[in-house]
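Trainee: Given chain D's structure and the hints, the job is docking chain C onto it.
2 protein chains.
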Amino acid sequence: MDSSFDAKQSILFSLRAAQLSKALWKSVEKDWQEWVKPYNLNINEFQILWVAHQLEGASVSGIAKFGVMHVSTAFNFSKKLEDRSLLKFSKKTNDKRNTYIELTEDGENLLLSILESYEKETFQVSEGALPIKELYGKFPEFSELMTIVRYIYGEEFMHLFEESLQSFENDFMDKDGTLLPADRSAK
Amino acid sequence: MDSSFDAKQSILFSLRAAQLSKALWKSVEKDWQEWVKPYNLNINEFQILWVAHQLEGASVSGIAKFGVMHVSTAFNFSKKLEDRSLLKFSKKTNDKRNTYIELTEDGENLLLSILESYEKETFQVSEGALPIKELYGKFPEFSELMTIVRYIYGEEFMHLFEESLQSFENDFMDKDGTLLPADRSAK
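Protein chains in written order, with full-length UniProt numbering: chain D, 1 to 187; chain C, 1 to 187.
Excised from the complex, chain D in its bound form (with noise of 0.2 Å):
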């Protein structure tokens, strides 16, 4: 076989890559869904506060790319977080161009009530690994998705992604199945 580019490899591949992504986004979608709504919540909505909280006062614009949202969507869906009274925007003295976003503390309590909530049924992804987290001691961790979500999305974004997730490893403990703060008191 050719070792150049070839069209039908490559319109292969990405008709397998649509297929898979979007099944298991629509998946997520539906299963994060269901997991917000008891708090009155969207997905873009708990999207903000997660990134706002993970990030410690996120630009509008850092949200939406790190959201995979539209600036437009991140920036409404936050004014209505800010009329219930879950985050506030803010100007820093060395930036006054972009408007940054903070949790309040009930946007915060908020956020770890729906942590506390999260049960092993929760995500169907989740219960669809499990049988490979069986076999390999651990979850999957996608290294070719990443390399792909690398390319398309730079090096920033994964540094982002990885650092979001090393501050909840940091940030919770697993108390008999129910998440909670590592440290309470430190907030």
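Careful: at least some of the hints might be erroneous.
A pair counts as met if it fits within one copy or between any two copies, since identical chains are not told apart.
[What the hints assert, rightly or not] Using 25 Å as the maximum straight-line C-alpha spacing, the simulated PhoX-like pairs for lysine-lysine come out as follows: (1) K133 x K80; (2) K26 x K37; (3) K8 x K175; (4) K26 x K65.
Think of the hints as simulated: they come from the structure by calculation, not from any bench.
Mentor: What follows is chain C alone, placed relative to chain D:
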């Protein structure tokens, strides 16, 4: 580490899968939209044409299931494609309950034009996978992802998935970087 189910590991994995699948799907969606826009189609319409071609006469519910869209979405966009004479609806004598979809010659020709217009820059996911292809000699097969999608959507979905890629593999050939039907005269 406890080998039993661990909420923290599970939620970390879920958030990883959510972020990656959203990022991947949003990129695919954007590229796909750009690709089919010149043909006055949206993604759902293209998917209906594609699935109807691949499955050689699929029911509307079959298209919805395989295309990961609501039945009403599949039905409404199929109607629009029928108005443009790209497909026709039919009932089978042994199955009066389901409505089947078959591409017209115009529909087949349009689909072919779209596939022929595929260029290597069409999908960023494909470009992003090239380093993996160079390293391993083939595009990634996403076996971890496939395992998870199989768990969520079931065997039939995966069977159709593999079958559709296989029939594409058989039906088309690559000529100097352009996709052509393997045997134009057979159609």
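Trainee: Would you mind marking each hint as holding or not holding in the structure?
Mentor: Against the structure, the hints come out as follows:
1. In this homomeric assembly, K133 and K80 never come within 25 Å of each other (Cα to Cα): the closest approach is 39 Å inside a single copy and 45 Å across copies.
2. Within a single copy, K26 and K37 get their C-alpha atoms as close as 16 Å, and across copies as close as 23 Å, so both meet the 25 Å cut-off.
3. For the identical chains of this complex, K8 and K175 are inter-copy neighbours only, at 9 Å across copies versus 51 Å inside a copy, given an alpha-carbon limit of 25 Å.
4. In this assembly of identical chains, K26 and K65 lie within 25 Å of each other by CA distance both inside one copy and across copies; the values are 20 Å within and 12 Å between.
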